[in-house]
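Read off the chains here:
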Amino acid sequence: MSETASTVDYATLTRNGLWKNNAATVQLLGLCPLLAVTGTVVNALGLGLATMAVLMASNMTVSLIRNVVTPAVRLPAFVMIIAAVVTVIEMVMQAFTFELYEILGIFIPLIVTNCAILGRADAFASKNSPAPAVYDGFIMGLGFLLVLVLLGGMREAVGEGTLFANMHLLFGDMARDWTLTLVGDYRGFLVAILPPGAFIGLGLIIAGKNVIDRWASERAKRLKAPMEKGSRRVRTTGSVS
Amino acid sequence: MALLHVTSPHATSSQRTGALMRQVMLATLPGLAVLTWLFGWGTVINVIWAMLIAAAAEAAVLKARGKPVGLYLRDNSALVTAVLLALAIPPTAPWWLTLIGVGSAIILAKQLYGGLGMNPFNPAMVGYVLLLISFPVEMTRWLAPGAAPDLATSWQLFLDRYPGADALTGATPLDSFRTWAGDASALAAEPILQGRFAGLGWEWVNVAFLAGGLYLLWRRIITWHIPVAFLAGLGLCALPFWLYDPVRFASPLFHLFSGAAMFGAFFIATDPVSAATSRWGRLIYAALIGVLIWVIRSLGGYPDAVAFAVLLLNLAAPTIDYYTQPRTYGHDKPKRGTG
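Each protein sequence line maps, in turn, to chains A and B. Mapped onto the numbering used here, the consecutive letters of the first sequence carry residue numbers 2 to 242. Mapped onto the numbering used here, the consecutive letters of the second sequence carry residue numbers 6 to 344.
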């Protein structure tokens, strides 16, 4: 990353976090939670929000101490900051969304090992002031969250024939009737819920992103060069060098 | 382009992939006939339906990939995948089960990896395992051998409209042995275990696939290495344990003529794309499949294990090939793993 304090551009940060340098589909970081907990939308959303909160808080803290920590000890320092933040988030989830905390289990403490978080701390937050660092954490977390939720939605729809089931685990009793039943009397397609479904689903998402990228670049090339091979033009006299 | 290894003399080397694949399908006919005799028309319906799906799925993906559809369809490889998968799933399977299985085999396991010759895993077995872990009830709904339902019942089952489908059961010999292993009187009372030399009915299914396999060997479409090593691995693994305790561990003969043993040895493990290719490599690859089948059947969580064992060794095939690369003429034997 070459972003420095003087050249922070929020539009670029947004584009990178959500699309061009997306943590899940381009950097392929944080795949362990991505593949493990995206069986349903509610699990994906829960872990995505937790990761996003950790990313914002750790980016802010790292940015605040960036002039105090020497390069030699920066990685242990970052890991301790991230671990502390994750512990706080874990306790918050234990207090307010206990059932979801039980379902996500080990994957909440494992947010510490999510390389996307350490990567942003080292590559961006340690070189920038707090405001852009927090924004970067937010937008990177959002990009990760969106992929999590998309994958969770795909796996829940194919695997169980529903969407947004059990959202009350996250949003309380008002969300009890949010469940969308896509196919009545669905027998379930277990492989989508099991780990292979996560790999296949993520592969399809990445392939989809690459297709869109290629289509966009071809379109840009076409627009840049309006003259096409074989198109007719008026012949001019004189020598062409 | 013939993708199959043909040993010398190359009298039949003009065979193209399409013709070879047709021979493989021909060789499954004895097995198909015995399955139909024992379990009714369900398997025939499944085979036809699976071939239709495979051709459609293959054509659709080839078109999407911008490949010449007719050229690749004529190599018949998709049809072989369909036939093998349809023979492996129960004859009571509803239409959607075959649709999902064959669709995933062709699209996910074969074409997404690049089509024929590029797939690291046996497509039919990927489809089978995907179905087995997703729909354990439908995938274990075998019938009692010899009590074949009539065509109308098979058709109703295929359409998923048969009212008593959930009540249909019939443990396979491997199922029964697994359940009653260790209990001598129960094993002696279980009718399905009282075949002539292996499980009732199922022994003849295996004999039929053995006959088809011998035909493939005679036509030099497969070499002896994989089937022999496969069966030796399974049989030699079973022998000492059976001698030690015949009540808890099934006999080698029972293992070799139950479940998908012969089918796997001659039709599944011999897939030239996903198997190891060097001579020693093929022996090691197939022997390990045999050992793994015995281990999973006797100690694991599933009654049969051909699909799991084949997929795991597919994963190991490149490594096996790397270490068993034959010496090139005029060169010393390559030293692997030292430099």
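No lab work stands behind these hints: they were computed from the structure. Hints may contain errors.
[Claimed, not checked] Which residues of chain A face chain B? A partial, calculated answer using Cβ under 10 Å:
1) R188
2) F190
3) L195
Cβ atoms here follow ideal geometry from the backbone N, Cα and C, with glycine treated the same way.
Hint by hint, here is what the structure shows:
{"no.": "1", "hint": "R188", "in the structure": "holds (7 Å)"}
{"no.": "2", "hint": "F190", "in the structure": "holds (5 Å)"}
{"no.": "3", "hint": "L195", "in the structure": "holds (6 Å)"}
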